[in-house]
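**Student:** So you can see what is in the structure, the chains are spelled out below.
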Amino acid sequence: MRAPVSERPDAAAVALVDELVGDLAGTWDTSGVLPDPVLRKLGGAGLLCAQVPEVYGGPGYSSLRNGELTAHVGGRCSSLRSIQTSQGMAAWTVTRLGTERQRAAYLPRLVGGELAAVAFSEPGAGSDLSTMETRARIDGDELVLDGHKVWITGAAYADLVVVFAGYGDAGTAVMVPAGAPGVTIERVPEPLGCRAAGHANVRLDGVRVPLDSVLGGRPGQSLPLLVTIALAYGRISVAWGCAGILRACLAAATAHARGRRQFGRPLAEHQLVARHLAELFTAERVASRACADASASWDGNSPDLVTATMLAKYVSSTQAARGAATAVQVLASAGARDGHAVARAYRDAKLMEIIEGSNEMCELMLARHALSAA
Amino acid sequence: MTSASQALEADLTDLLERRTKIPVAPDADLFELGVVSSLFAMELVVHLESTYDIAIVGPDLVMENFRSVQAMAALVRRIQDRVGAGTGV
Ligand SMILES: Cc1cc2nc3c(=O)[nH]c(=O)nc-3n(C[C@H](O)[C@H](O)[C@H](O)COP(=O)(O)OP(=O)(O)OC[C@H]3O[C@@H](n4cnc5c(N)ncnc54)[C@H](O)[C@@H]3O)c2cc1C
Chain A
1 MRAPVSERPD AAAVALVDEL VGDLAGTWDT SGVLPDPVLR KLGGAGLLCA QVPEVYGGPG
61 YSSLRNGELT AHVGGRCSSL RSIQTSQGMA AWTVTRLGTE RQRAAYLPRL VGGELAAVAF
121 SEPGAGSDLS TMETRARIDG DELVLDGHKV WITGAAYADL VVVFAGYGDA GTAVMVPAGA
181 PGVTIERVPE PLGCRAAGHA NVRLDGVRVP LDSVLGGRPG QSLPLLVTIA LAYGRISVAW
241 GCAGILRACL AAATAHARGR RQFGRPLAEH QLVARHLAEL FTAERVASRA CADASASWDG
301 NSPDLVTATM LAKYVSSTQA ARGAATAVQV LASAGARDGH AVARAYRDAK LMEIIEGSNE
361 MCELMLARHA LSAA
Chain B
1 MTSASQALEA DLTDLLERRT KIPVAPDADL FELGVVSSLF AMELVVHLES TYDIAIVGPD
61 LVMENFRSVQ AMAALVRRIQ DRVGAGTGV
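Here the protein sequences come in this chain order: A and B.
Just so we're aligned: 208 in our numbering is position 208 of the first sequence, and the numbers increase by one with no gaps anywhere.
Just so we're aligned: 53 in our numbering is position 53 of the second sequence, and the numbers increase by one with no gaps anywhere.
Next comes chain A alone, as it looks inside the complex (with noise of 0.2 Å):
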């Protein structure tokens, strides 16, 4: 059940997640906020991108063992994972489509305890980017940005903002320091999930940042690419932290069925119960694996890595959703209360059959993917 030794976060880090969460997960999942003191620590140590080379100052993870990692926070705290996943993605998109002065100026950043966002979501535009309407455009040696980018995870605990935006027929990815002249940020008031993990709405009127702030050093690169590309990590991402999810669920339900007794034997014994006992466990193992096929592709800079993720993101978040509505019937009301771990699972997973790329897109693009591979 266990990834090899040399896939393993290092022990060191695993402690420092264990210690920062704690038991408080559920209490943040009350409050709606993670600690600013946890996200700073994690992100120092570099765990929130654990896969930015050690040339850097990253811990230089592996998709695979960033995976177990995102999996472990995934499993203790949602909200944090969702962080994770943000920062992460953030410091892929400046590794991918930065210049290397960028990845050098940025990435230290990104591993030193600042925090990014990553903004591609408007009213008008969810599935479909391609009605993105914020805009950019250049003004002497600096880029104008206007627009509204609507549930951006981290926003509200972000210094950097990494906005997708058309420019002209094409379009650019830019960091917008969250506290530039122009730029507002408001909490997402009472999300059903991932309650802690800072959801906000980011308007943008006439920000300005110097150009040397556009990825690849200039605008006008494509934007369905540029999207496409980030949200590969997002989904490997929530994909990990989905198969966390189910094994917090698992650990959940089977402590619970082995202990409670009901009609004179424990809740174990009962075959209905033990049949939900036997869909978490699959859940998980399906969910595991289609995660680690995937990281292997990434981890090989294989071009399978696009479908394979999609297929862990789709598998994942689906298993997720479900095997967290078991682990709630498993516990009853012993589950049935906000900010527990399964009540959190069963309303965090439902959120990640929604976002980068939901379950229909997926479906829509592995069917695609079906038709031109067979």
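Simulated from the structure, these hints should not be mistaken for lab results.
One or more of the hints may lead you astray.
Unchecked claim - Computed Cβ-Cβ distance ranges for the label pairs, DEER-style:
(1) B:T2 with A:G217: 24 to 32 Å
(2) B:F31 with A:V286: 32 to 40 Å
(3) B:E17 with A:R187: 48 to 56 Å
We treat Cβ as the ideally placed atom computed from N, Cα and C, and that holds for glycine.
With the hints as your guide, set chain B with the ligand onto chain A.
**Tutor:** Same frame as chain A, but now just chain B with the ligand:
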């Protein structure tokens, strides 16, 4: 055209024809044919990187570079020349 360039174009043509199930001429406009989605473009990026040991990053990610087999082959050659000349971005 050098044999390396020919091999490059042949490799790309082969991949595209396998995936799109239509004949693909070296100068055919893949966007007009509607056969290159952004996901497929990302696959092509990783394919070119892993096959030719190059990195396609930053400013090279314009769709124009993926418009045809010839455009992709030219991109690979440009990056190889740049790396050879030690002026990578
Ligand atoms: C918890 C959370 C965190 C988020 N974090 C971020 C973030 O960090 N950055 C960011 O940019 N955005 C973020 N988002 C926004 C997220 O990316 C969007 O919610 C998502 O893309 C879906 O868009 P939408 O909500 O507008 O739904 P819509 O696009 O309006 O879709 C509504 C429903 O219709 C379905 N649908 C749409 N089109 C089709 C079709 N062609 N065929 C079949 N079904 C279709 C969808 O699958 C969905 O079920 C976040 C959202 C949530 C809930």
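**Student:** If I claimed the Cβ atoms of B:T2 and A:G217 lie 24 to 32 Å apart, would that claim hold in this structure?
**Tutor:** The hinted range 24 to 32 Å holds for B:T2 and A:G217, with Cβ atoms some 30 Å apart.
**Student:** Taking the Cβ atom of B:F31 and the Cβ atom of A:V286, is their distance within the range 32 to 40 Å?
**Tutor:** Given range 32 to 40 Å: holds, Cβ gap about 37 Å.
**Student:** Could you say whether the range 48 to 56 Å given as a hint is met by the Cβ separation of B:E17 and A:R187?
**Tutor:** Holds - the Cβ-Cβ distance for B:E17 and A:R187, about 51 Å, lies within 48 to 56 Å.
Of the numbered hints listed earlier, not one is contradicted by the structure.
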